[in-house]
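Student: Chains as they are written, first to last, in my numbering: chain G, 1 to 304; chain W, 305 to 851; chain X, 852 to 987.
Just so you know, the hints here were simulated from the structure itself, not pulled from any lab data. There may be inaccurate statements among the hints.
[As the list claims (entries may be wrong)] Estimated spans, in silico, between C-beta atoms of each pair:
{"id": "1", "chain 1": "W", "residue 1": "K757", "chain 2": "G", "residue 2": "L74", "range": "54 to 64 angstroms"}
{"id": "2", "chain 1": "G", "residue 1": "G11", "chain 2": "X", "residue 2": "R857", "range": "23 to 33 angstroms"}
{"id": "3", "chain 1": "G", "residue 1": "V186", "chain 2": "X", "residue 2": "R857", "range": "26 to 36 angstroms"}
{"id": "4", "chain 1": "W", "residue 1": "K757", "chain 2": "G", "residue 2": "D303", "range": "54 to 64 angstroms"}
{"id": "5", "chain 1": "W", "residue 1": "A345", "chain 2": "X", "residue 2": "E952", "range": "51 to 61 angstroms"}
{"id": "6", "chain 1": "X", "residue 1": "E952", "chain 2": "G", "residue 2": "P198", "range": "36 to 46 angstroms"}
{"id": "7", "chain 1": "X", "residue 1": "E952", "chain 2": "W", "residue 2": "N756", "range": "27 to 37 angstroms"}
{"id": "8", "chain 1": "G", "residue 1": "E108", "chain 2": "W", "residue 2": "E850", "range": "50 to 60 angstroms"}
[As the list claims (entries may be wrong)] Distance condition first, Cα-Cα at most 25 angstroms in a straight line; then the derived SDA-like pairs of lysine to any residue:
{"id": "9", "chain 1": "X", "residue 1": "K934", "chain 2": "X", "residue 2": "A956"}
{"id": "10", "chain 1": "W", "residue 1": "K396", "chain 2": "W", "residue 2": "E446"}
{"id": "11", "chain 1": "G", "residue 1": "K197", "chain 2": "G", "residue 2": "G228"}
{"id": "12", "chain 1": "W", "residue 1": "K774", "chain 2": "X", "residue 2": "E952"}
{"id": "13", "chain 1": "G", "residue 1": "K242", "chain 2": "G", "residue 2": "R270"}
{"id": "14", "chain 1": "W", "residue 1": "K768", "chain 2": "W", "residue 2": "R644"}
{"id": "15", "chain 1": "W", "residue 1": "K723", "chain 2": "G", "residue 2": "D196"}
{"id": "16", "chain 1": "W", "residue 1": "K768", "chain 2": "W", "residue 2": "T646"}
{"id": "17", "chain 1": "G", "residue 1": "K225", "chain 2": "W", "residue 2": "A746"}
{"id": "18", "chain 1": "W", "residue 1": "K830", "chain 2": "W", "residue 2": "E446"}
{"id": "19", "chain 1": "X", "residue 1": "K960", "chain 2": "W", "residue 2": "E486"}
{"id": "20", "chain 1": "G", "residue 1": "K197", "chain 2": "W", "residue 2": "P509"}
{"id": "21", "chain 1": "X", "residue 1": "K958", "chain 2": "W", "residue 2": "D781"}
{"id": "22", "chain 1": "W", "residue 1": "K774", "chain 2": "X", "residue 2": "F966"}
{"id": "23", "chain 1": "W", "residue 1": "K321", "chain 2": "W", "residue 2": "E486"}
{"id": "24", "chain 1": "G", "residue 1": "K197", "chain 2": "W", "residue 2": "E568"}
{"id": "25", "chain 1": "G", "residue 1": "K225", "chain 2": "X", "residue 2": "Q900"}
Glycine included, every Cβ here is placed at the ideal spot set by N, Cα and C.
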Amino acid sequence: MDIEAVISGIGERNSRAIARAISLVEEGNPGAERVLSSLDPPSVEKAMVAGITGAPGAGKSTLTDKLISHCRGLGKRVGVIGVDPSSPLTGGAIHGDRVRMMQHALDEEVVIRSMATRGRLGGLCASAGAAARIMAASGCDPVIIETVGVGQSEMDIIRIADVTALVSAPGLGDDIQALKAGLLEVADLMVVNKADKPGADMLSMELKEAVGDREGRVLETVASKGEGIAELFRAITDVFGKNVNSGERDRRRCEARRAEVVDWSLEMLRPHLQRMAQGEEVLSGDPRNRARAIVQSLLPPEDR
Amino acid sequence: MAKHPQYKEWEEKTLGKALQKMPERKAEFKTVGGLQLPRLALPKEIDAEYIQKLGFPGEYPFTRGVQPSMYRSRLWTMRQYAGFSTAAETNKRYRYLLEQGQTGLSVAFDLPTQIGYDSDHQMSRGEVGKVGVAIDSLADMEVLFDQIPLGEVSTSMTINSPAAVLLAMYVALGEKQGVDREKMRGTLQNDVLKEYVARGTFIYPPRPSLRIITDIFEWCGQNTPSFNTISISGYHIREAGSTAVQEVAFTLANGISYVQAALEAGLDVDVFGKRLSFFFGATTDIMEEVAKFRAARRMWASIMRDRFQAQNPRSWMLRFHTQTAGHTLTAQQIDNNVVRVTLQALSAVLGGTQSLHTNSKDEALTLPTEESVRTALRTQQVIAHESGVPDSIDPLGGSYLLEELTDRIESEAWELMQKIEDMGGVIPAIEQGFIQRHIDDAAYTYQQEVENKERIMVGVNEFKSQEEVKVPLLRIDPEVERAQVAQVQKVRSERDEQEVERSLAALREAAQGEDNLMPPILEAVKQYATIGEICDVMREVFGIHEE
Amino acid sequence: MAEEKRIRRVLIGKPGLDGHDRGAKVIARALRDSGFEVIYTGIRRTPEQIAAAAVQEDVDAVGLSLLSGAHMELFPEVVEHLKQRGAGDIPVIGGGIIPEEDVRALKEKGIRKVFTPGTSIQEIADAFRELEPEGA
Chain G
1 MDIEAVISGI
11 GERNSRAIAR
21 AISLVEEGNP
31 GAERVLSSLD
41 PPSVEKAMVA
51 GITGAPGAGK
61 STLTDKLISH
71 CRGLGKRVGV
81 IGVDPSSPLT
91 GGAIHGDRVR
101 MMQHALDEEV
111 VIRSMATRGR
121 LGGLCASAGA
131 AARIMAASGC
141 DPVIIETVGV
151 GQSEMDIIRI
161 ADVTALVSAP
171 GLGDDIQALK
181 AGLLEVADLM
191 VVNKADKPGA
201 DMLSMELKEA
211 VGDREGRVLE
221 TVASKGEGIA
231 ELFRAITDVF
241 GKNVNSGERD
251 RRRCEARRAE
261 VVDWSLEMLR
271 PHLQRMAQGE
281 EVLSGDPRNR
291 ARAIVQSLLP
301 PEDR
Chain W
305 MAKHPQYKEW
315 EEKTLGKALQ
325 KMPERKAEFK
335 TVGGLQLPRL
345 ALPKEIDAEY
355 IQKLGFPGEY
365 PFTRGVQPSM
375 YRSRLWTMRQ
385 YAGFSTAAET
395 NKRYRYLLEQ
405 GQTGLSVAFD
415 LPTQIGYDSD
425 HQMSRGEVGK
435 VGVAIDSLAD
445 MEVLFDQIPL
455 GEVSTSMTIN
465 SPAAVLLAMY
475 VALGEKQGVD
485 REKMRGTLQN
495 DVLKEYVARG
505 TFIYPPRPSL
515 RIITDIFEWC
525 GQNTPSFNTI
535 SISGYHIREA
545 GSTAVQEVAF
555 TLANGISYVQ
565 AALEAGLDVD
575 VFGKRLSFFF
585 GATTDIMEEV
595 AKFRAARRMW
605 ASIMRDRFQA
615 QNPRSWMLRF
625 HTQTAGHTLT
635 AQQIDNNVVR
645 VTLQALSAVL
655 GGTQSLHTNS
665 KDEALTLPTE
675 ESVRTALRTQ
685 QVIAHESGVP
695 DSIDPLGGSY
705 LLEELTDRIE
715 SEAWELMQKI
725 EDMGGVIPAI
735 EQGFIQRHID
745 DAAYTYQQEV
755 ENKERIMVGV
765 NEFKSQEEVK
775 VPLLRIDPEV
785 ERAQVAQVQK
795 VRSERDEQEV
805 ERSLAALREA
815 AQGEDNLMPP
825 ILEAVKQYAT
835 IGEICDVMRE
845 VFGIHEE
Chain X
852 MAEEKRIRRV
862 LIGKPGLDGH
872 DRGAKVIARA
882 LRDSGFEVIY
892 TGIRRTPEQI
902 AAAAVQEDVD
912 AVGLSLLSGA
922 HMELFPEVVE
932 HLKQRGAGDI
942 PVIGGGIIPE
952 EDVRALKEKG
962 IRKVFTPGTS
972 IQEIADAFRE
982 LEPEGA
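With the hints as constraints, model all of the structure from the sequences given.
Tutor: What follows is the structure, encoded as structure tokens:
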């Protein structure tokens, strides 16, 4: 599929074109830039990007699956980006969450894409952000990004979401302190899934206590039975709407885009830096001083 | 040597009573060389530890076997699983096997039947008659058992999610043949929990599935008391890649779930408890397998007696069927499989199995030929009649190695079961993927060991020969599917549609309420409602399970 | 410095009703450990679902596993549905208990490679690595 076909296919909601476009970005293909500059700005602007994160076993993919169904019921076209960690040893990854979303496989209005972290700390954020915009440009609204809530790369993902829901469940041994220390602060909503299980009330209470009294930030769902899904989606869109009006959405997007710019820049510089780091002096000088010299040489004179 | 008082008591009471009912096969059992074999070899000193851990056959904790005289009175049931393409073809194979001296029938159903789809359902395409026989309605059942008197055979049916439907068809057919319900003997696999982790033929979510199962327990208790209402299966868990310890732990944990569900439904543990049966795999690792069977018996006895307070010793007994492990068969040098199956079958007999299926050597490649099925059956007959192994009870009992392995499997399995209990039982453990993860990890480790030759597989990664693996052609004629589709459509066109709808409405009502599901299902099959129609009613009410 | 190798994406699917997923899961993990990104569909999928997922995930290859014997019906349907979605270039590999006559017939119907029982995981991983898109 050539670049022109990819570009025109995105607007035509062609699955193959959308998928190819995301791959071009992921692979760092030069064609990606033309694709990305062709995306329809109003569609990208308007689409809500929702982040769903949480510990393994909390039921994120079932919840996402039910959110898809709910949005489809509302007549919305949905994009889903499922993120899984790459093995640091081999670079490989298994995307098993797709299993829970196969019922939507034949629905042309549901675009699902699995992405692996590929060992790039910020790089994934950049790829996933671009993927979300490609989906948005093809008419997806919302775009849901689902990711395991542990580790740096997940925190990066949260940056690119307009609204983030943190999913937990009773009986997982979730330490509330650990949640508090990290994701609790950045999550807009806290979801207690499997709310029909013993311990759910306790968990809700603890979370409500931990986040203070802000009304409606803690929600209960039973994703396996579809309970609480409509309420959750409403809460997500409410936060989004409020943030649009207050300018918070734009502020977050600015911050995320700036971070993306830095990530992309570093990604693009990487091959040059690798080339510049070659040479015999490697063993003679201290690496940090060598780096300083390389960076200095790249900077314009006034910034050195 | 003076007899230990407890031994004397066993001999007089437990054994004496058993022998009255079923005398031993021979007046005396001798080795080939003429030495007389003891019925039960014992340690020189019978101490408290011996009584506690091993005891006597037919008595708690049943480590040495569930019957007092074991195979000296009656050999295990030789039961070869068979079923393919059409009911008529399968019927022919059954009659051949009965003529060859097989003593029980075992039905393999095709996948649409196992998942409750009619042969003309969209998902059935390509699968009709492939891994077993297609049964859409009572009409097919009539052909399957043509000229086979249901009062005289015991029939095992590998059916899980739609077990109630197939049981109903079997009972309805029995009635047509004029057989008393009480005389109908057989086993339903009916073990849905393992489908979610190992075999994949689930239909409904776990909780309504448990309700169907307890309804079967209850109905059979009152109507077909000689039917084993469930065969709690470790076999498929093992085939999916688990270790022996995991097989025991997950199977017994499933067993506990069924008992709990039945108790919650208000059933009497001593009524359904003695109809529970088990099903395990046997690999080539003889000592571990024998230890596994003994450990499982000891554990189940304690679970039923101490945890569930069953009073009838028959409820404490873990009676089991064994199948030799299909995953150990190799496509390379297939004759080697006969040797593997022999060792595996031996381990099952040494471990005290109640019935046994021996795989055919070509089973990894194709539906077995008549010849290879016969060799598999002969393997059992050689063990039964030539090896001498069945002539003395628990012949390896007391081996230092075996007893140590038995203890270790028991303690490790308890540990794993405790973890499941801590998660709130099997259903939460399935929902969180705990059981699946353990099985997948074990399967992957096994495969890696084969790949890097830490585990030698003869003919596969060592001792190879220059032969090409050729899968023989035994294609099920696509005509089978077309004919079966035509057959089910014919059945639908010839029956009384009003009666069918009335019976399905009654089933829907029962499903929505709390009445036992068996009577309306029985009524529906008698009206020639199809398996797909009956399961659809329950899908509507109960929902479906997604992996 | 050696050029960085492109990461390959594969989809492992189980069409039909067969629930024996040990092989499919072992292969998925083995491919992951050989550096692939693997999308696993789970059991009991239709050929059309598998093809649609493969397109959305933009995979380099599709691997199908089926032990029930329905391969002659279901494998070629995956190829057909890929073509219908403009993705006929994505190569499809199949594995299962497949007689030699069927292997030939499947290849004629566009299944690029067919694996029968006894194939080592290494061979399968190598096959996925060496695959090139149709027409490349």
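Student: Evaluate each hint against the coordinates.
Tutor: Results for each hint:
Roughly 57 angstroms separates the CB atoms of K757 (chain W) and L74 (chain G), a value that falls within the hinted 54 to 64 angstroms. The hint said 23 to 33 angstroms for the Cβ distance between G11 (chain G) and R857 (chain X), and at roughly 27 angstroms that hint holds. A beta carbon spacing of about 33 angstroms between V186 (chain G) and R857 (chain X) agrees with the range 26 to 36 angstroms that was offered as a hint. At roughly 59 angstroms, the beta carbons of K757 (chain W) and D303 (chain G) sit within the given window of 54 to 64 angstroms.
Here the CB-CB span from A345 (chain W) to E952 (chain X) is close to 55 angstroms, well matched to the stated 51 to 61 angstroms. Taking 36 to 46 angstroms as the suggested C-beta distance range, the pair E952 (chain X) and P198 (chain G) does not conform, at roughly 57 angstroms. Checked against the hint of 27 to 37 angstroms, the pair E952 (chain X) and N756 (chain W) passes, with Cβ atoms roughly 34 angstroms apart. Judged by the Cβ atoms, the range 50 to 60 angstroms given for E108 (chain G) and E850 (chain W) is violated: they are separated by roughly 21 angstroms.
This hinted pair checks out: K934 (chain X) and A956 (chain X) have alpha carbons roughly 18 angstroms apart, not beyond 25 angstroms. With a C-alpha separation of about 13 angstroms, the suggested pairing of K396 (chain W) with E446 (chain W) holds against the 25 angstroms cut-off. Of the supplied pair hints, the one linking K197 (chain G) and G228 (chain G) holds, its CA atoms being roughly 14 angstroms apart against a limit of 25 angstroms. At most 25 angstroms may separate the alpha-carbon atoms for a hinted pair to count; K774 (chain W) and E952 (chain X) meet this at roughly 10 angstroms.
Using a Cα cut-off of 25 angstroms, the hinted pair K242 (chain G) and R270 (chain G) is violated, with the two alpha carbons roughly 39 angstroms apart. Only pairs whose Cα atoms come within 25 angstroms are accepted, and K768 (chain W) paired with R644 (chain W) is accepted, the gap being roughly 16 angstroms. The straight-line distance between the Cα atoms of K723 (chain W) and D196 (chain G) is roughly 21 angstroms, inside the 25 angstroms bound, and the hint therefore holds. With a C-alpha separation of about 21 angstroms, the suggested pair K768 (chain W) and T646 (chain W) falls inside the 25 angstroms cut-off, and the hint holds.
Under the criterion of a C-alpha separation no larger than 25 angstroms, the hint pairing K225 (chain G) with A746 (chain W) is inconsistent with the structure, at around 32 angstroms. A hinted pair counts as satisfied when its Cα atoms are at most 25 angstroms apart, and K830 (chain W) with E446 (chain W) qualifies at roughly 12 angstroms. About 54 angstroms separates the Cα atoms of K960 (chain X) and E486 (chain W), which puts this hinted pair outside 25 angstroms; it is violated. A C-alpha spacing of about 16 angstroms is found between K197 (chain G) and P509 (chain W), which places the hinted pair at or below 25 angstroms, so the restraint holds.
Our distance criterion of 25 angstroms between C-alpha atoms is met by K958 (chain X) and D781 (chain W), whose separation comes to about 20 angstroms. A C-alpha spacing of about 11 angstroms is found between K774 (chain W) and F966 (chain X), which places the hinted pair at or below 25 angstroms, so the restraint holds. Restraint check: the Cα-Cα separation between K321 (chain W) and E486 (chain W) comes to about 24 angstroms, which is no more than 25 angstroms; the hinted pair holds. A C-alpha spacing of about 18 angstroms is found between K197 (chain G) and E568 (chain W), which places the hinted pair at or below 25 angstroms, so the restraint holds.
Taking the CA atoms of K225 (chain G) and Q900 (chain X), the gap is near 23 angstroms; set against the 25 angstroms cutoff, the hint holds.
Hints 6, 8, 13, 17, 19 from the list above are not met by this structure, while the remaining hints are.
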